[in-house]
Structure formats: C-alpha cells, structure tokens
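Here's the letter readout for the chains.
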Amino acid sequence: MSDPVVGVTDRRASRRSGRSRAAWVPLAYLAPAALLYGAFLLFPLGRAAQFSFFEWDGLGQSTFVGFGNYIALVQDEQLREAFLHAFVLIFFYAVLPLAIGLLLAALLTRAQVRGLGFFRTIIFLPQVIAMVVVAVTWRQIYAPDGPLNGFLRAIGLGDLARPWLGDYTFTLPAVGLIGSWVSLGLVTVLLMAGMSRIPPELYESARIDGAGPFQEFFAITLPSVRGEITVALTLTIVAALKTFDLIYVTTSGGPGTSTTVPSYEVYRRAFQLGEVGAATAVGVALTIVVFAINFVVNRIGDKK
Amino acid sequence: MQRHTRLAALAGGAALLLGVTACAPGAGTPENAPSGGAISTDISEVGEMTLTVWDQEVRGGQNEEIERLNAAFEEKYPNITIERVSQAFEDLNTTLRLALTDKDAPDVVQANNGRNTMGAFVEAGQLRPLDDYADAYGWLERYSPSVLQYSTYSEDAAVFGDGNLYGLPQMGEVVGVFYSKSKLEGLGLEVPGTWDEFDAALAAAKEAGEIPLQLGNIEQWPAGHVFGPLQGAYVDPESITSLGLGNPGASWTTPENEAAAAALQGWVDSGYFNDGVNGTDYDDAWQALADGQGVFLLGGSWLSADLEDAMGEDVGFFVPATESGSVATTGGTSLPFAITSAAENTDVAAAYIDFLTSDDAMDIIVETGNLPVNRTAELAPSSGVLADVFAVFGEVTTDGDLLPYLDYATPTAGETLGRALQGLLAGEMTPTAFTEQLEADYSEFVAANE
Numbered sequence: 001m002s003d004p005v006v007g008v009t010d011r012r013a014s015r016r017s018g019r020s021r022a023a024w025v026p027l028a029y030l031a032p033a034a035l036l037y038g039a040f041l042l043f044p045l046g047r048a049a050q051f052s053f054f055e056w057d058g059l060g061q062s063t064f065v066g067f068g069n070y071i072a073l074v075q076d077e078q079l080r081e082a083f084l085h086a087f088v089l090i091f092f093y094a095v096l097p098l099a100i101g102l103l104l105a106a107l108l109t110r111a112q113v114r115g116l117g118f119f120r121t122i123i124f125l126p127q128v129i130a131m132v133v134v135a136v137t138w139r140q141i142y143a144p145d146g147p148l149n150g151f152l153r154a155i156g157l158g159d160l161a162r163p164w165l166g167d168y169t170f171t172l173p174a175v176g177l178i179g180s181w182v183s184l185g186l187v188t189v190l191l192m193a194g195m196s197r198i199p200p201e202l203y204e205s206a207r208i209d210g211a212g213p214f215q216e217f218f219a220i221t222l223p224s225v226r227g228e229i230t231v232a233l234t235l236t237i238v239a240a241l242k243t244f245d246l247i248y249v250t251t252s253g254g255p256g257t258s259t260t261v262p263s264y265e266v267y268r269r270a271f272q273l274g275e276v277g278a279a280t281a282v283g284v285a286l287t288i289v290v291f292a293i294n295f296v297v298n299r300i301g302d303k304k
Numbered sequence: 305m306q307r308h309t310r311l312a313a314l315a316g317g318a319a320l321l322l323g324v325t326a327c328a329p330g331a332g333t334p335e336n337a338p339s340g341g342a343i344s345t346d347i348s349e350v351g352e353m354t355l356t357v358w359d360q361e362v363r364g365g366q367n368e369e370i371e372r373l374n375a376a377f378e379e380k381y382p383n384i385t386i387e388r389v390s391q392a393f394e395d396l397n398t399t400l401r402l403a404l405t406d407k408d409a410p411d412v413v414q415a416n417n418g419r420n421t422m423g424a425f426v427e428a429g430q431l432r433p434l435d436d437y438a439d440a441y442g443w444l445e446r447y448s449p450s451v452l453q454y455s456t457y458s459e460d461a462a463v464f465g466d467g468n469l470y471g472l473p474q475m476g477e478v479v480g481v482f483y484s485k486s487k488l489e490g491l492g493l494e495v496p497g498t499w500d501e502f503d504a505a506l507a508a509a510k511e512a513g514e515i516p517l518q519l520g521n522i523e524q525w526p527a528g529h530v531f532g533p534l535q536g537a538y539v540d541p542e543s544i545t546s547l548g549l550g551n552p553g554a555s556w557t558t559p560e561n562e563a564a565a566a567a568l569q570g571w572v573d574s575g576y577f578n579d580g581v582n583g584t585d586y587d588d589a590w591q592a593l594a595d596g597q598g599v600f601l602l603g604g605s606w607l608s609a610d611l612e613d614a615m616g617e618d619v620g621f622f623v624p625a626t627e628s629g630s631v632a633t634t635g636g637t638s639l640p641f642a643i644t645s646a647a648e649n650t651d652v653a654a655a656y657i658d659f660l661t662s663d664d665a666m667d668i669i670v671e672t673g674n675l676p677v678n679r680t681a682e683l684a685p686s687s688g689v690l691a692d693v694f695a696v697f698g699e700v701t702t703d704g705d706l707l708p709y710l711d712y713a714t715p716t717a718g719e720t721l722g723r724a725l726q727g728l729l730a731g732e733m734t735p736t737a738f739t740e741q742l743e744a745d746y747s748e749f750v751a752a753n754e
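First to last, the protein sequences are chains C and X. This note's numbering applies: residue 1 is where the first sequence begins, and numbers increase by one. This note's numbering applies: residue 305 is where the second sequence begins, and numbers increase by one.
Simulated from the structure, these hints should not be mistaken for lab results. Ideal Cβ positions, reconstructed from N, Cα and C, are used throughout, including at glycine. Check the hints yourself; a few may be wrong.
[Unchecked claim] To give an idea of the chain X side of the interface with chain C (calculated C-beta under 7 Å), a few residues:
1) T398
2) R401
3) A403
4) A462
5) I522
6) Q524
7) G575
8) G580
9) N582
10) G583
11) D587
Construct the complete structure from the given sequences, taking the supplied hints into account.
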C-alpha cells in the first residue's frame, strides 16, 4: 500500500527539482521589472489599501476603523454625486469620441486623402499636450468674454452665450467636451490603424455583391476593428474615471458641487480636509470601479 | 503548472507586502516635545548651525523682503545659516502636513491661521507654543491683540483666538473696495462713506450703463471677500468673529446674516455684477477693472500693487462705515511664522522670528511694497492707492474691527462657503438656505469640539 505512494512522491519530487532550475531562469529575467513594479506600484497600492482602514489626519496617531471609511463612503451623498459625474464623463470621453472617431477614421482611410500623415498629426495633437495646458486654454475659450461666446454672438446666437464654466446645467457637459476633444485623436488614430489592415479585396467583393458605403461600413469595417474599439474604450474609460487635472484647473468641482469627480474627492480629502483614511478609501473604491468596468468592456470586446 | 508558479509568486508578493505594511500610519509620530527648559534671547554663542525655514513669500516684493531680511540676519549672526525652502501658497499647504511629521522637519514654517492648517498642527502637537519667547522679546507690546488672536489656540486646538501663541505674522491684509477715480468722477459721485451711499453709487453706475461691480468667482473663494465686508455691515463683530474662528456661541441662522446674504443676492438681481461671475477668473475681474470696465471691485489689499501698476493714480481704496460709524471688514495677517516641535534649537528659531517681525523689519517690508502689520500709520506712503490701504488698515486695527476670514472657522468652511456663495450668486440657493448650509458646517464642528 505504501510503496506506490512513496514512488509517486519520489517521482514528483525529482520532476520538480528538474524543473525548478528552468523555472528560475524566467523569474530572474523578470526580477528587475518585478522589483520596480512592486516598489513603485504594488507597495503604494498596498499601503493605500491599508490606510483606508484607518482614520488618520496625516499628522497624529491613527485609529483602526475597519470598514468604517467604506461605510461612510457609501452613505456620502456628495461622493455618490461625484461618481455619477464620472459616469457622465464616460459618455464624453469614450462614447462620443468613438462615434465621431469611427466616422473620421472611415473617411480618412477610404478617401485616400493626400497628406494623410498631416491630418493624423493634427487629430492626434490634443493627446500630446499636457492636460493642464489643455485645461487652461479651454478655460479661456469658455470665459464669458471668451472666443466661444464671441463666436455665438457673431453668428446671431447670442442667446446661447453663457458662462460655460459657471453654469449649473452646462458646466459638466462643457468640461466633458474638452475630454471628447482630447480623446478623439487617440481613438481615431487607433481605428485608422485597424482599418488600414483590412484587405481591400473584402470591399471589392462586397461592392460586386452590390453593397453601398453604409453596408460596407457595418458589414466589414466595424467588425474588423473590434479589437481596436476595445482598446480605445478601455483607455478612454480609464481616462474618464480618473479625471483630475481637468476638473482641478477648470472648475475645482464647481459651480456648487456640479462637477465634482472621485479623483478630485481623493485630493480634497487627503490634502485639504486632512482625512487620509477616507481619501484612500475613495481611491481604492475608484480603482475597483475602473477594473470592474474594463473587465466588462474587455469581456464583451473579446467575444466573437 | 506555470499558472501555479505565477499564483505562488503573487501570493508570496502579497504576503511580503502585508508584512512590510503591518505598522499603522502615523505610528512613528513623535509626541510634543516638552518645552520646559530655560530659554535665551542671545544666540551669538550657539555655534555653527543651519536653520531650515519654509515660507510661501514667492511673489515679487514679498520674495525680495524675505531675501533682504535673511541676508541681514545672517550678517548679524554669522554662526547661523538659513536654508530657505520657498514654495507657492497652495504647494506649501499641501506639503507641510507630511513635512511636519518627517524626521527632517523644518525648524520654522509659515502656517496658515485657520483650523485646517495651524489648528490641525496644534492639535497634533507639531507646533511649539511661543508664550515664553513672547514675554522675553516683548511681542505682546509689539502687536495688537486683534492681530495676535489669529495665531492663538488653546493647547488642544478646540478654542481659536485664545490660549497659547503659536506664530507671528509680518504683514497685514484688509479687504475693501477698489474703485476707479475717473469713473466715479464721471458719475458725479463722491467716495461713498457709508454702505447706503455705496448702494446708491452702485445704482447710479448701473443707470449710467457702467458695470458697477467686477467679480470673478470661478475659483469659489473670491465671493467670500465680497460677502465678508458686507456681513460686517449687518452683523455685529463679536458674532462674526465667533463664526469665523469656529468658536461656540454664535449662529449663522439669524435675521442679520440672512439680510447680508439677501443684500448680496440683491446686487445680482439688480444687475450690478458683470455677466457670469461664476464663470469668470479672479484675475480677469481685477484686470477688467484696470482696463476701464467697471467702477468698483471688492478685493484684498494684496491686489493694490498690481492695480497701481496698471491704473497708476486712478485707483483708490476704501471701506464704507457701518451704521455705528466705525469700520468693520474682513482682513487679517499674512501667514504667521511658527516654530515646529521638531526644531533643533528653539532659541535660534525664535530669534529669527523676532528679527523678521521687528520694528526695523517693518521698514524693509514697506520699501518692498508690502503692507506692514505693525507701525502701519507711521510708515504710510503719502500718496497712491497704498496710502489709502495703509490708512484703512490702520483705522480697522485701531478703532474698527478686523473680522476674520470666514474660511478659518472649520476644516471644511472654505469649501462650504465657496459652494454656497456660488449657489447664492447663481440664484440656485435662497439666503435662508445659504445661512442654513453654513450653520450646518459650523454647528457640527462646534459640537464635535465640545
């Protein structure tokens, strides 16, 4: 009875020791990157998660409060409002640029425009400029006496002119459109890369079958760039949810609380109110929401 | 099998993380060092030493003032080297918290007076009380009590404005009305002496097709400097001081406070402000006044240098008198210099603060275009907007009432006030709702302190 067991363990042990040397090699290659990743990403993440279980003002002694910060977080109406604003921003950062980007990319790749590289650069430019610069520029554009209102008055639409960043109804969409403007470049360039890989024969055969431009777009172009759409959505949704600099520079969450977002709440709690525990709890919750949404996006995107 | 290796590595990493992070945040914070030992005002014999100072005087004239005083101090005490770390107000406010708890904490820091900065530091035992040095150097004779109250806290920081002294400011600040002399003359008006006359002037400016009042409130806090002086016209100074310092015994939900809020909203309804104040930049607003758009602007004395550069002799400054005939308006001091609990040698730190705020230092502060907190009337320039500013500050600190900034009150007061004022200006919030919101912030804090 005991013999076969011994035999099995022996065999396993020998196999393991044989493998262990080989297993060390890839790990050794990984080590430098893993160390850096651990020191600058996993360690702070772990610390943040740990802090979120304490009540701490950043100065004195801390008190362990278990899930207290998270319970307070769920009950905080202002925070729920902030998350709601972040979801509205997903529309402006991700959905809207995707719709426009699909159209632009389809036009640019199909029309064989001269100087395509130039247009690509122009469209991609907002992505390259630092967000703070973008925000300062748009703050000027949206000012009551700024170019946007000047333009509206010039074309006889003066009734539509308003303080875009100081209006309880229009400030969130106004800020969101800045995000759309920034995201559009990335989305379009990604989709153009995807579309240029589609073999022209597909379009030719579709045309022989009598398909129009719309049928071509929905039957061939759209399904072919499914992967790129998933990547674009992942990147832009993450950008929407972690919006901080744009809000910080343009509105500081105002007017009133109409443009508060979770990342801004993290900053506000940690540095202005001295509630480090509560701030990290918001940060951890935001991380979880980002992961969850992108998990869903990628699951849907990967399905064929 | 590969998957298992990966899992094992992850689990190992996680275990390592937990092991490293087992200590609680803030556990290493030192307790307040006992300050019982003998003090000395003679620091020429302390030997070679470096004094680390964190300040936020980064703007032109203020930077120059500190540089000159630092050089003079090092000349007087060759054994002391000053290591100056200077950063903008916002940056200092966000980094000071972490710096104070560090083992290499600075010796002297400029800490904002309010509850969420100096109050929090006092509560955590990070600042050293200065009362023994105040006696030794005679600071209580140098400063007026209404100035010193803004850097005074009880030891547990529950009371603001009474207790131990924790810092000394160099400069004064006062909020009032800037105006264009030529515009006012064009309207055929004298400088308004009372709030009623000011209201009449606003109406006359509107009638004449001018923008009566410039305000840029996208940053949320600027409207506080409009509401503060206006509140001084309706509410008694003691109540405002209690509300502004977050001490018990007052209430926001009074008819007087509501009347002040209603008066501000009335200015909006009468069309006295420029269009879209909540979407206008603070800097754009005073620059608009300088460009000849608008007659009046409520703002702090810190704007006077920039406005004078742009408008020359055309700009003036005043504060309307209250019904009792005295002047009550928002103001205070520049950020007080305080000694940290971690300071290596408190005698040296105190000597430095004494030097920065001495009577001689006030001369240098004036020479570099700033408003000195002491000897104000004596050092006033004979003309220009600074003459007006010096006169108003002198009057408010001697015969009138210097009212605290309302955001000192609680850690959240600045934000609550800013958001409520945006609501009030936009007509989203009634004066009653405005006072109720501020009362909620104030009473919650006061209750938690008892």
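Unmet hints by their number, sorted upward, for this structure: 3, 4, 7 and 11
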